[in-house]
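Participant: Each chain, written out:
2 protein chains.
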Amino acid sequence: MEKNIIIRNATKDDLNDIIGLVEELAIFEKAPNAVTASLETYQEVFASGLISCHVACDNDKVIGMTIFYDTFSTWKGRMMYLEDFYVKPEYRSGGIGSRLFDAVVQEAKNRKCILLKWQVLDWNTEAIKFYKAKNAEIETNWYNGKLWLN
Amino acid sequence: MEKNIIIRNATKDDLNDIIGLVEELAIFEKAPNAVTASLETYQEVFASGLISCHVACDNDKVIGMTIFYDTFSTWKGRMMYLEDFYVKPEYRSGGIGSRLFDAVVQEAKNRKCILLKWQVLDWNTEAIKFYKAKNAEIETNWYNGKLWLN
Numbered sequence: 001m002e003k004n005i006i007i008r009n010a011t012k013d014d015l016n017d018i019i020g021l022v023e024e025l026a027i028f029e030k031a032p033n034a035v036t037a038s039l040e041t042y043q044e045v046f047a048s049g050l051i052s053c054h055v056a057c058d059n060d061k062v063i064g065m066t067i068f069y070d071t072f073s074t075w076k077g078r079m080m081y082l083e084d085f086y087v088k089p090e091y092r093s094g095g096i097g098s099r100l101f102d103a104v105v106q107e108a109k110n111r112k113c114i115l116l117k118w119q120v121l122d123w124n125t126e127a128i129k130f131y132k133a134k135n136a137e138i139e140t141n142w143y144n145g146k147l148w149l150n
Numbered sequence: 001m002e003k004n005i006i007i008r009n010a011t012k013d014d015l016n017d018i019i020g021l022v023e024e025l026a027i028f029e030k031a032p033n034a035v036t037a038s039l040e041t042y043q044e045v046f047a048s049g050l051i052s053c054h055v056a057c058d059n060d061k062v063i064g065m066t067i068f069y070d071t072f073s074t075w076k077g078r079m080m081y082l083e084d085f086y087v088k089p090e091y092r093s094g095g096i097g098s099r100l101f102d103a104v105v106q107e108a109k110n111r112k113c114i115l116l117k118w119q120v121l122d123w124n125t126e127a128i129k130f131y132k133a134k135n136a137e138i139e140t141n142w143y144n145g146k147l148w149l150n
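Sequence lines, in order, name chains A and B. Taken in order, the first sequence gives residues 1 to 150; the numbers are from our numbering. Taken in order, the second sequence gives residues 1 to 150; the numbers are from our numbering.
Keep in mind that the hints are not guaranteed to be accurate.
Remember, identical chains collapse to one label, so a pair may be satisfied in a single copy or spanning two.
Derived pair list, reagent style EDC-like, types lysine to aspartate or glutamate, alpha-carbon separation capped at 20 Å [stated by the list, open to error]: (1) K112 / E44; (2) K76 / E107; (3) K112 / E40; (4) K146 / D102.
No wet-lab data here; the hints were simulated from the structure.
Based on the sequences and whatever the hints tell you, model everything.
Facilitator: Below you can see the structure in the form of structure tokens.
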């Protein structure tokens, strides 16, 4: 099946499908009502270049995606941050996630980034195994600070 | 002493001093040789608008700083990320850190961010106490993934 799956840059017309996958990922991450960002906000940050996305497509159907943006490591320099990464369950184990991840790695190299970063939930052992197989380091000694501004 | 300390937006002429503080922070974080990003890289990402910085100054001397940039929460929308935050030890406990942090909060609000995020080392209890006093949430259930691209 995975042979017919195309990975490509997302366009603004994919954003609605991408939000659908963000919501599926939120359910998997045990936060089913967490997604409150609107399509309009996605459209704005996509148009401004703040975020970029890749999609995996089975014909016209978006079945996987990555969302990423440029950041900066004060220690190392230019960095890319992988904010979201998801493949629909029925399309897993066929290498699509690997191709999506590799496409982000390639894009980060194109942008002269020295480092790709992301986060993974501590209980998500399947994902951690996937990342380790990609030669990633998994750091367990940092906490996230969050302050709501509204 | 803190009365005479000015908080202001950094200019490109502050970047060398800012790197000096990044290096001091790296020593505190037990990674004394971690800073390999060059002044040229800082100048590039500052000029492009990827990063912004505030500095705390005692007359002409830069004694504290924050480095931050725009990111995006796929769940919540526009977000600001506080990458680095440091006050020289001899200037602590006088409220300068609080003023620097509040200035980032204000800037994030100006940029219509819904959320400010950052990271803190799990053993840095003083910093965690500071952030909790700012009504921040501290999340302990995420790991960092890192992949080197060079």
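Participant: Take the hints in turn and mark each one as holding or not.
Facilitator: Okay, the hints, checked on the actual structure:
1. For the homomeric pair K112 and E44, the shortest alpha-carbon distance between copies (12 Å) is at most 20 Å, but the shortest distance inside one copy (25 Å) is not.
2. In this homomeric assembly, K76 and E107 come within 20 Å of each other (Cα to Cα) only inside a single copy, at 18 Å, whereas the closest approach across copies is 25 Å.
3. Within a single copy, K112 and E40 get their C-alpha atoms only as close as 30 Å, which misses the 20 Å cut-off; across copies the closest is 14 Å, which meets it.
4. Within a single copy, K146 and D102 get their C-alpha atoms only as close as 30 Å, which misses the 20 Å cut-off; across copies the closest is 14 Å, which meets it.
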